[in-house]
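Trainee: Each protein sequence line maps, in turn, to chains S and C. Here my numbering is used: the first residue of the first sequence is 651, the next is one more, and so on. Here my numbering is used: the first residue of the second sequence is 19, the next is one more, and so on.
Hints in this document: simulated from the structure, not taken from any laboratory. Bear in mind that the values here come from a model prediction, so they are computed numbers and not experimental data. Among the hints, a few may not be true.
Claimed, not checked - Quick list of simulated restraints, FRET-style, between CB atoms:
(1) S/Arg672 <-> C/Asn174: 37 to 43 Å
(2) S/Arg672 <-> C/Gly132: 21 to 27 Å
(3) C/Lys333 <-> S/Lys759: 24 to 30 Å
Stated by the list, open to error - Stretch by stretch, here's where chain S covers chain C in the computed footprint (C-beta under 8 Å, at least three residues):
(4) 73-81
(5) 151-162
(6) 171-177
(7) 199-213
(8) 248-256
(9) 307-320
C-beta: ideal position from N, C-alpha, C; glycine also.
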Amino acid sequence: MSDVTIPQPTRPWQRKRQDVVRSAVSIGAVGVLSLVIVLFTGFAGVDGWAVTVFLVSVLLIIVRGRKMSVKERGNAKVQLFITAAALLAFAPWISIFGSVLVKGIVGLKLNFVTSDMRTTVPDDELNLGGALHAMLGSLLMVVMATAITLPLGILSGVYLTEIKGRFTFLVRFVIQSMSGVPSIVAGLFVFTTYVSATHGPTAFGGSLALGILMLPTVARTSEEVLKLVPDDLRSASLALGARQWRTTLMVVLPTVRSGLITAAILGVARVIGETAPLLLTAGSNTAFWFNPLKGPIASLPIYVFGMLQIGTEYAVNRAWTGALVLMLTVFALFFTARKLGGKDKR
Amino acid sequence: MNIVAPIKREMHVVHSRGDKVFRGIVTAGALTSLVILGLIGSFLFARGAQVFSQYGLKFITGTNWSSSMEEGIPSEFGMGPMLVGTIVVSVIALLFAVPMSIAGALYIEFYATGRVRKIMSGLLDLAAAIPSIIFGLWGIQIFTNFGQRWASFLGNRLGFVPIFNTISDNYGRSPFVAGCVLAAMVVPITTSVAREVYSRTPRELIDTCYALGGSKWGAIKTVVLPFGKSGVVGGAMLGLGRALGETVAVYLVLNLNFRYTFRILESEGGNVASLIATRFGESSSEELTALVAAGFVLFLLTLSVNMVASAIVAKTTRS
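Full structure from sequences and hints, please.
Mentor: Here is the structure:
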């Protein structure tokens, strides 16, 4: 028998050293060429750089593409375009996170969270005055809005998953459309029905407007988590002789307790930054106002908005710091919701 | 011997009294959202009805919005320029947002791997949670510099095209810049819908494409994009609904001016929601009625866009 050569397994997908060197050279070439172009033409700034690098990369693919097959060349071009467009889509958010962090941290001193604007004008130095009143105002309104909305949202979720009556389609459709109501329209509605008929802008008016905007989020999330309850649990409970109301209240709802908390948190994250409805329904103030039924109240988004309207250097600094606090709050809520939500799925 | 096929037994569900009460309460709770939506529509219509009957269709098409405080001089309310401005800004936003979202969704779903993919999808979720006031703040303080530069680039080279024509040399606070900021707001929504739809593409179809010798782009072009088409349309319309109703971001970035304008690079434009926010504080009761009527028109517009959008999305993401 002749020698049988056992073929060594090849791994065509593995990058060869040659490929690595080649792509390093390409990246280097793109960098150098872009630098030359940026230096000798009028392009400047981040956007000028981005455009230059993109154009040079296209050029490189055209040059290198002569050695590739048609399929490879097409693939490379498309990949470049998709990557560039995706980066363009993500760039604004990175810019937002970065600028809010960098510009907001300037004014983030202890007094920002411990004092209000009662004795301070927006033009004062940043170590005077703060946004405590605005944070407390936002907190108060959000708590009231949650107290109104959470029960309604959970009832909607229970209706859609437990009762499944003849309005199921209608309720789901209405909740979906309600999530598209512009925030200013919600504010206008509360203004015409409540605010103008009573004492003018109040914390309660603000929380009604926020509640309208929050309800769809809470209802939809509740439905999603209630769907995760296994039917076995319901059947077991019913088989033990419990009525539907006992099954729902004592078996189904307790099972998804953390999911329902998630629903509330996501709802809060949805509305805590709402500005337009509060302009119409809650007004603004320089100190915390304790009576939710009478008198305007400050809130964090309105604080940012107002400071930005004033427009002087220190006022704009305060606006950025307010935005930083707002953004951190939203992210904290978001991560809490995600952690809790992960718990139920397991 | 004949075999009798089993007959499905008739089931009668008799609810106990407790259950009846329970079901009643839950149904009532679930229907409150319907009641609220109905109340919003009917109250805004009732408050604005006077304006609709007084001006008729001229309220939509009229070009003049002036509130007179003096006796004898009549006020005039026509929201035409603002309505057109709203649509112009939103269309600009969508023109940027839709291609970027498709690319972003394809990138996350098919090109990015490992950690990059994880970071990007996390970033996408977070971006959807950024409040609009922060977009407005960023838009006027940071983005306007870039937007102005791009707008002057466009204006200098394409100035002969009517919509890129400008009278003044000031490119900031224009519908173009506002549209770009709105695009940044809309992209998270459209991208996550597009991604959701693309991820439902049957794996076998993509693999078939590869097995036939197709490239990655070939598979995307022939399988993924056609499969996700209507979902992307739905996502774009959801984004449109958000862009049409946006208030503070547009209010902060755009220079509101009450004139019909199609010069998207010129530093003037309009938006119904910003009109309400601007005029609200200092309006007479007559103007307030007109603002409520304008709010009703905006409500109808966004509601119809949103209903169509959610119907499309629901249809494509079912299965």
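Trainee: All the hints need checking, so say for each whether the structure fits it.
Mentor: We went through each hint and held it up to the structure:
For S/Arg672 paired with C/Asn174, a C-beta distance near 40 Å keeps the hint of 37 to 43 Å intact. Roughly 22 Å separates the CB atoms of S/Arg672 and C/Gly132, a value that falls within the hinted 21 to 27 Å. For C/Lys333 and S/Lys759, the Cβ-Cβ distance of about 53 Å falls outside the hinted range of 24 to 30 Å, so the restraint is violated. Residues of the region 73-81 of chain C with a Cβ under 8 Å from some Cβ of chain S number 0, which does not satisfy the need for three, so the listed coverage is violated.
Evaluation of the coverage hint for the region 151-162 of chain C: fulfilled, as 10 residues show C-beta separations to chain S shorter than 8 Å, against a requirement of three. Coverage of a stretch by a chain is defined here by at least three residues with a beta carbon nearer than 8 Å to that chain's beta carbons; for the region 171-177 of chain C and chain S the count is 0, and the condition is violated. Coverage of the region 199-213 of chain C by chain S holds. Counting CB-CB distances below 8 Å, 4 residues qualify, and the rule asks for three or more. Evaluation of the coverage hint for the region 248-256 of chain C: breached, as 1 residues show C-beta separations to chain S shorter than 8 Å, against a requirement of three.
Given a C-beta distance limit of less than 8 Å, the hint that chain S covers the region 307-320 of chain C holds, as 6 residues qualify and 3 suffice.
Violated hints, in rising order: 3, 4, 6 and 8; the structure is consistent with all others.
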